[in-house]
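Going line by line, the protein sequences match chains A and B. Residue 296 in numbering that gives the first Met the number 0 sits at position 297 of the first sequence; the count goes up by one each step and never skips. Residue 222 in numbering that gives the first Met the number 0 sits at position 223 of the second sequence; the count goes up by one each step and never skips.
If you're looking for bench data, these hints aren't it; they were derived computationally from the structure. Be aware that a few hints might be false.
A pair holds if it fits inside one copy or across any two, identical chains being indistinguishable in the list.
In the EDC-like style, the derived pairs of lysine to aspartate or glutamate whose C-alpha atoms are separated by at most 16 Å in a straight line are [stated by the list, open to error]:
no.	residue 1	residue 2
1	Lys-291	Asp-238
2	Lys-214	Asp-32
3	Lys-106	Glu-198
4	Lys-356	Glu-327
5	Lys-197	Asp-49
6	Lys-40	Asp-147
7	Lys-92	Glu-75
Now for the letters of each chain:
There are 2 protein chains.
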Amino acid sequence: MLINISIEKAEKILADQNIEPKTVDVPILDSLDHILAEDIKSDINMPPFDRSSLDGYALRTKDTADASAENPVTLETIDNIRAGYVSKKTVGKGQAVRIMTGAKIPKGADAIIKYEDTVFTDKSVKIFGYVKPNSGIAGAGEDIAMGDTLLGRGKTINPADIGILAILGKEKVKVYRRPKVAVISTGDELININEALKEGKIRNSNAYTIGAQVKKIGSEIKIFGICGDNVLSIKKELDSALQWGDIVITTGGVSLGDADVVKEAFEEVGGKVLFWKVNMKPGSPIAVARYKDKLLFGLSGNPAAAYVTFEKFVRPTILRLSGETEYELTKIKSTLRDEFIKVSGRDRVVRAKTYYKNGGFFTELPDKHSSGILSGLSETNSLFCVPAGTGPYKKGDRIEVELLGY
Amino acid sequence: MLINISIEKAEKILADQNIEPKTVDVPILDSLDHILAEDIKSDINMPPFDRSSLDGYALRTKDTADASAENPVTLETIDNIRAGYVSKKTVGKGQAVRIMTGAKIPKGADAIIKYEDTVFTDKSVKIFGYVKPNSGIAGAGEDIAMGDTLLGRGKTINPADIGILAILGKEKVKVYRRPKVAVISTGDELININEALKEGKIRNSNAYTIGAQVKKIGSEIKIFGICGDNVLSIKKELDSALQWGDIVITTGGVSLGDADVVKEAFEEVGGKVLFWKVNMKPGSPIAVARYKDKLLFGLSGNPAAAYVTFEKFVRPTILRLSGETEYELTKIKSTLRDEFIKVSGRDRVVRAKTYYKNGGFFTELPDKHSSGILSGLSETNSLFCVPAGTGPYKKGDRIEVELLGY
Numbered sequence: 000m001l002i003n004i005s006i007e008k009a010e011k012i013l014a015d016q017n018i019e020p021k022t023v024d025v026p027i028l029d030s031l032d033h034i035l036a037e038d039i040k041s042d043i044n045m046p047p048f049d050r051s052s053l054d055g056y057a058l059r060t061k062d063t064a065d066a067s068a069e070n071p072v073t074l075e076t077i078d079n080i081r082a083g084y085v086s087k088k089t090v091g092k093g094q095a096v097r098i099m100t101g102a103k104i105p106k107g108a109d110a111i112i113k114y115e116d117t118v119f120t121d122k123s124v125k126i127f128g129y130v131k132p133n134s135g136i137a138g139a140g141e142d143i144a145m146g147d148t149l150l151g152r153g154k155t156i157n158p159a160d161i162g163i164l165a166i167l168g169k170e171k172v173k174v175y176r177r178p179k180v181a182v183i184s185t186g187d188e189l190i191n192i193n194e195a196l197k198e199g200k201i202r203n204s205n206a207y208t209i210g211a212q213v214k215k216i217g218s219e220i221k222i223f224g225i226c227g228d229n230v231l232s233i234k235k236e237l238d239s240a241l242q243w244g245d246i247v248i249t250t251g252g253v254s255l256g257d258a259d260v261v262k263e264a265f266e267e268v269g270g271k272v273l274f275w276k277v278n279m280k281p282g283s284p285i286a287v288a289r290y291k292d293k294l295l296f297g298l299s300g301n302p303a304a305a306y307v308t309f310e311k312f313v314r315p316t317i318l319r320l321s322g323e324t325e326y327e328l329t330k331i332k333s334t335l336r337d338e339f340i341k342v343s344g345r346d347r348v349v350r351a352k353t354y355y356k357n358g359g360f361f362t363e364l365p366d367k368h369s370s371g372i373l374s375g376l377s378e379t380n381s382l383f384c385v386p387a388g389t390g391p392y393k394k395g396d397r398i399e400v401e402l403l404g405y
Numbered sequence: 000m001l002i003n004i005s006i007e008k009a010e011k012i013l014a015d016q017n018i019e020p021k022t023v024d025v026p027i028l029d030s031l032d033h034i035l036a037e038d039i040k041s042d043i044n045m046p047p048f049d050r051s052s053l054d055g056y057a058l059r060t061k062d063t064a065d066a067s068a069e070n071p072v073t074l075e076t077i078d079n080i081r082a083g084y085v086s087k088k089t090v091g092k093g094q095a096v097r098i099m100t101g102a103k104i105p106k107g108a109d110a111i112i113k114y115e116d117t118v119f120t121d122k123s124v125k126i127f128g129y130v131k132p133n134s135g136i137a138g139a140g141e142d143i144a145m146g147d148t149l150l151g152r153g154k155t156i157n158p159a160d161i162g163i164l165a166i167l168g169k170e171k172v173k174v175y176r177r178p179k180v181a182v183i184s185t186g187d188e189l190i191n192i193n194e195a196l197k198e199g200k201i202r203n204s205n206a207y208t209i210g211a212q213v214k215k216i217g218s219e220i221k222i223f224g225i226c227g228d229n230v231l232s233i234k235k236e237l238d239s240a241l242q243w244g245d246i247v248i249t250t251g252g253v254s255l256g257d258a259d260v261v262k263e264a265f266e267e268v269g270g271k272v273l274f275w276k277v278n279m280k281p282g283s284p285i286a287v288a289r290y291k292d293k294l295l296f297g298l299s300g301n302p303a304a305a306y307v308t309f310e311k312f313v314r315p316t317i318l319r320l321s322g323e324t325e326y327e328l329t330k331i332k333s334t335l336r337d338e339f340i341k342v343s344g345r346d347r348v349v350r351a352k353t354y355y356k357n358g359g360f361f362t363e364l365p366d367k368h369s370s371g372i373l374s375g376l377s378e379t380n381s382l383f384c385v386p387a388g389t390g391p392y393k394k395g396d397r398i399e400v401e402l403l404g405y
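Excised from the complex, chain A in its bound form (with noise of 0.2 Å):
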């Protein structure tokens, strides 16, 4: 068991996990921001056929080769098609075709002229100009190639690959799926949200702090009950968190007090410490076990510290487990607002709030830098790291931020 280690440290034990995503098939409007896990490739052209992109006529550009605003050419119409419907004719010499946007070109034509250039009757339309030859056509497969490699795996499915997928005939797709999280409490101090304040307790805040960080990143979450300050109470905890979820997360009992059972408690259940406090300003009484394939988180009771303990390496594990390659905070330059002059011979992530004016990055510093201080992260939506011994950092300083995604 590593005790005390750096954030650069601690991101590496995690990532070096190797714990293998999980597959499973959805329905296509279900695999929404999951990552991909198979690659798509299309059986079909998209177009299927050469098919018409306006609402005018079919026709044989060479008949309009000397046709001018002075002297138009007159087609035959000899059939009228909508999208769907195929026409049996054959365009002729002087002869059209009306079409409607995303009907087949009908034999013969090799252009369609729009409604609006030209003067039309039921029977015939008249023509004003040289038609260039596929105008007014989209070819078969111009947008999608029989064969082509449309979706790869380990991509991000968007809407328009929804749409893709739809088009190609797909009911479901094969997807990493996200892991399941439970959230468990722990501290003789905590209540439960619903129960009436008594002296010396406090509700149990972490929990849905936690629950809704794990929800914004699209994972299941489930809350476990709250925990005594004892080994036995957690383990129990412990043990039908670990049938249910992939990942367990519990808050308290991680420091260095007498209350500090949880690392004893992940021990019991079978778990091994990976390691023990990571030498950060907040958070830095934090232990990470793994049980299997499944990984225990045990973050700090404070407020601030979960949070952002949650960010920096839970976050990154959840997101690794659904199958993403990039699992990192989008880090972004951004102009301080506010002066930061601690120096710390620890590595401090401050809570920051970022917003974009003008063509550039802002950021403001909360007044209230505790880690037991929950009401200002309410404005947090990205972090400053500070590495350990550098600063003080002063207004208009360029400095890098991580944004959060709230």
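Could you slot chain B onto chain A? The hints should help.
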């Protein structure tokens, strides 16, 4: 009915519809990303009492006035309290109480010193320097003060907000209900995704792309049937869709040709057409109608046109009905990586791929611009809006881009 209006005018008509968003009480975890429909005031202090922010010893700071490395002060440990418990003792002269993070400060004590800075036995603790009053104490109400408005009506609820609601003991919260969105596909050429292809037919992809676009912004979606290109069939489906949905989207049947029957069907069900056709490319054929407090959007059957008009007109409408005040797409400045040489008399909405690199945004344009193209949308994550008459744009030009969030 207005015909052939500008994008701006269409946006204004939609913004002026003045349909009151509906509210609903939901369990707090379900409120994520919804808009708060009530002010959240605190009826508690947080911390509810002065509490320890460290694992250590509660003491009287004046007892440590003369303490130094050479002459440590030894205090008698009279109690041991953990979070969730309250000491019945009062810390007197020369005394200390062992205390865990989160536990209430015992009477008599005015500071906490952390374990690591002491030498202790079961019965006593040695202090090696002066401890400042209030150090190690999180004062009552320091995080949240009774009476504070913590979250205001109109705020988008993030994970931290859900933690705040939990700590206040709220099991449910009032949010704006997201509108339910029905999707109808029209076109004689369309078959269901589970049907085999036949000559002249294509599979229905628009309903799925649009369904996913709706899902992405958190609204409930229901895909209704495919209608033939006739008013009666569309009217029948519209009647069912209006029973269920707050917004109905149709695709196909809105351009100038024979099969443009959607607008007529909107009127048949009692809708008032607000406008028909917007002077833009792609997406010109669009009909929007109002029926009571519901809106009907008739989008083009062309995939790219439907996609773009969804983002420009339907998305902001769904967000407005969800109580969002910031319903516009995020606009950023970007560097164009390709040239765009077309100069058009109509506003153009060009599908684009934008990425962030080395401190700035860059935008690439797809090879295929036709409004019938589906495949290129897979890589689209942004829109480059080219006002009528502007351009050409060259590689390296600074442009404004709207981010789609895909």
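**OP:** Could you tell me which of the numbered hints above are not met by this structure, giving the numbers in increasing order?
**Re:** The structure conflicts with no hint, since it agrees with every one listed earlier.
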